[in-house]
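Participant: Go ahead and model the full structure; you've got the sequences and the hints to work with.
Position 97 (the sequence shown) corresponds to 97 in the working numbering; numbering is contiguous.
Hints may be right or wrong, so weigh each one.
[Unchecked claim] The following label-pair restraints were derived from C-beta to C-beta distances:
1. W101 x K64: 50 to 58 angstroms
2. S21 x F133: 49 to 57 angstroms
3. G138 x R50: 47 to 55 angstroms
4. I110 x A82: 29 to 37 angstroms
5. S48 x M130: 38 to 46 angstroms
6. D60 x I38: 14 to 22 angstroms
7. F32 x F133: 37 to 45 angstroms
8. V28 x K64: 35 to 43 angstroms
9. D60 x R136: 50 to 58 angstroms
Calculated directly from the structure, the hints in this document are not laboratory data.
Idealized CB from N, CA, C, for every residue including glycine.
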Amino acid sequence: MSLFKRNPDPMGPLDYSRRLSLRITVAVTLFFLYAPIIGLIAFSFNDSRRNVVWRGFTTDYYVKLFNNDALMLAFANSLTIAVFTTIFSTVLGALTAYVLWRYRFPGKAIYEGGMALPIVIPEICMGVAMMVFFARIGWPSGMMWPFNLSA
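Facilitator: Okay, here's the thing in structure tokens:
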């Protein structure tokens, strides 16, 4: 049948890179993705108080940043929390993936469905639902920051 004839010269994945339209599309996309970041980095060395006018090159703002002990302490704290959270979540995720792949247990389908909820439900909906939930159950207030979830 002529409907189901194979193309005698199929285009492979590497052949698509030779197309000019694809190259232009990729170049424009990368430009719009990275141009604002490059602009921010360039204007962070601006000597002017306003970033609209370029007065000259300076590193004074970075010297002030690295000499500010409170900011450096906050950065070190954030970096420490990020490292430990990454290690903990990687180990926990790997163990969970191993258990879900290797074993059958009651409620496995429910657990797998629950793991997909953060992807399916937008953050704002989850935030509003949690606020309503914690307001209804009368979560204790007046506690320190991590525990004060009352609305």
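Participant: Among all the numbered hints in the text so far, which are the ones the structure does not match?
Facilitator: none
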